[in-house]
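Engineer: Here is what each chain is made of, one letter per residue.
There are 2 protein chains.
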Amino acid sequence: MIEVNQRSYRLPRVATVVVCVDGCEPDYIALAVAAGAMPWMKKTLHSGTALVADCVIPSFTNPNNLSIVTGASPAVHGICGNYLYDAESDSEVMMNDPKWLRAPTVLAALADAGKSIAVVTAKDKLRSLLGHRLRGICFSSEKADLATQAENGISDVLAMVQMPVPEVYSAELSEFVFVAGVKLMQTRRPDLMYLSTTDYIQHKHAPGTGQANAFYAMMDRNLAALDALGCVIALTADHGMNAKTRLDARPDVIYLQDLFDEWFGAGRTRVILPITDPYVVHHGALGSFATAYLPPDVDPLAVCARVGALREVESALTRAQAAERFELPPDRIGDVVVVSRRSTVIGTCESRHDLSALDAPLRSHGGVSEQRVPLILNRRIEGLDPQKRWRNFDAFDLALNHAQ
Amino acid sequence: MIEVNQRSYRLPRVATVVVCVDGCEPDYIALAVAAGAMPWMKKTLHSGTALVADCVIPSFTNPNNLSIVTGASPAVHGICGNYLYDAESDSEVMMNDPKWLRAPTVLAALADAGKSIAVVTAKDKLRSLLGHRLRGICFSSEKADLATQAENGISDVLAMVQMPVPEVYSAELSEFVFVAGVKLMQTRRPDLMYLSTTDYIQHKHAPGTGQANAFYAMMDRNLAALDALGCVIALTADHGMNAKTRLDARPDVIYLQDLFDEWFGAGRTRVILPITDPYVVHHGALGSFATAYLPPDVDPLAVCARVGALREVESALTRAQAAERFELPPDRIGDVVVVSRRSTVIGTCESRHDLSALDAPLRSHGGVSEQRVPLILNRRIEGLDPQKRWRNFDAFDLALNHAQ
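Protein sequences, first through last, are from chains Y and S. Residue 19 is where the first sequence starts when you use our numbering, and the numbers rise one by one after that. Residue 19 is where the second sequence starts when you use our numbering, and the numbers rise one by one after that.
The following block holds chain Y by itself, in its conformation from the complex:
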């Protein structure tokens, strides 16, 4: 047994794979299953364990991947977005650096306990966080050609996977993760493997569409291969995904910085969009969660009341309220937190968002409306309480403590 962040985990006795499918709104699976595109999944949902869980808020990639691999909320691990305002340096920075991570990962702890670990992510932005203090294999599809034994615990990845390095905006970036996972399991059989994809397809294509079903069929073939290799598989997601458009298919955006500039004066407040990362082509940095820093003479409660009354807004909370409700680190969020509704997103200033590259009606995430995610295991676990609030960061607990 090991203990990580006050949860205990048994060491894997069987090769175990935890998969985080980026942007996997549960309907993607349901409609792909209904269309016959996921025969392995259909069988597994009946013979294994099928739960719907809540992800952490903000329903973004980094906070949730870190919750899954630490088994804890952002209040514990500290990663509450892809992007934050660092009060200490008075600058806005990416949260990719492991210096932001406040908790150890289950991955690193298993490696320390002598188990062999492999981590494959689609985008490289997650690699350094997931691989923090990890002895083992850890590389991304995006930079698979640059992987070295010294840095990534593996080299010659392209020769192993037999695929070229995919485009960063492509379904193949995720396919590469799965194919690499199968090859690793066939050749090196790690004790534990963590696979994390990217949501390029989910940002562009609704559940049940041809492109979505083709992506999930690809997933299904690779999951079936891992299953055939005898692996225990736990599959969950970092967040869901919803359409965020007006009737004319343009994004339905509330530009919060523009509004605050109008209300309180230009330059007096700072709206932060934690969805921001270098890869914004498919969502234009528009998500359903924002946080804002206010000057001392502006009352956060009054701002919450005023913002909360807007048509586009689902809830507006003070720092303390948001930290409690969403289990966030209070020192890394602003004075207020704003969550928009299922069909709306939050921007900063209209002039700062380049939406010219959006070639499909906006689909995005970040809010409570994208909190539902699948939590599926290919082993039946008896006696689970269906009324319990399952979390995506219960994946390691279920996989290691209950499914083997």
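Just so you know, the hints here were simulated from the structure itself, not pulled from any lab data. Please note that the accuracy of each hint is not assured.
Same chains, same label: a pair holds when it works inside one copy or across any pair of copies.
What the hints assert, rightly or not - Calculated lysine to any residue pairs in the SDA-like style (CA-CA distance at most 20 Å, straight line):
hint: 1; residue 1: K406; residue 2: S333
hint: 2; residue 1: K161; residue 2: D349
hint: 3; residue 1: K201; residue 2: P182
hint: 4; residue 1: K60; residue 2: I20
hint: 5; residue 1: K60; residue 2: R268
Values in this document were obtained by computation on a predicted structure and should not be read as measured data.
Using the hints provided, position chain S relative to the given structure of chain Y.
Structural biologist: Relative to the frame of chain Y, chain S by itself:
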């Protein structure tokens, strides 16, 4: 000017068409527009007025059609479902009979003021309510062949429409409504026309799918034809539509009568599903709204607390709370009202729901999650407050008082 249910309406100066598109989740329009399937709509959303409004709860067909044509909530017009428990006769009955209607319609009032009126509905179940005390034309696609001058104000409908009577479960049942509307406008030019479709397509096909886009393309052609005839058009919907399935694509149902029988004893409570009507093939009588009658020794507040804690339930309210929040007639709902979440539906007893005819993953409505509907006019109305809570039953007000 006429006054109906404490709202004033100008008499139409231009031929006016109010369209209720059954089950028109806003995304159907956005994705059809994005796919190029609705060229008229795309133009109209820019040159006219495009709002998103709230329908009335329960988000079912009859309450909302009656709200639209009375300009009032169910608390005023009395139609709070398709189906109710009539305490007086101690029986469960359909609410199709005009005896349940407590308010006059704008349609009948305009006819009384000397205006010519035409009403075309897809299913016949709505016809007698919409046509109550109406002098004018009023018929359904479903029974178009049986329309007579005496009963419906028109005969030989099939010859006019040049289509056979459609199947009751078909897209053509709605197409017939539109084609009849265009023919009526071409040949008789009524001062006001109300067209109400059926949600067969929306129950089976998600927004953006080929079948949905084809349906909306058909709508678009007919709306363009009415526009070309010089009509003022107001388009809204009775309710939205969401997927209601588990990961394996089976309906995600909470069987509330089974649960109450277990908690309180068999036969002691009565769960009513107001979605119930004779046409349940496409939804199995499963929607996201239920009401229940309790024996005197069971405390409604305690039931609400217990039911409200269930994973599938969004809110559970006492009669008084529900009547206030949803503007419902308190004498026609039970002791508690239960609304389920976006992806779940409520049934009575598992044994009473025949789901064998469901040939696609369940999509349904009834809850707050299906409250957003389009409210579109083909005339630009200046000065509308985008932050106002617009209702689908503002359609006649906007069409008659602001768009002409």
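Engineer: Which numbered hints turn out to be false for this structure?
Structural biologist: 2, 4
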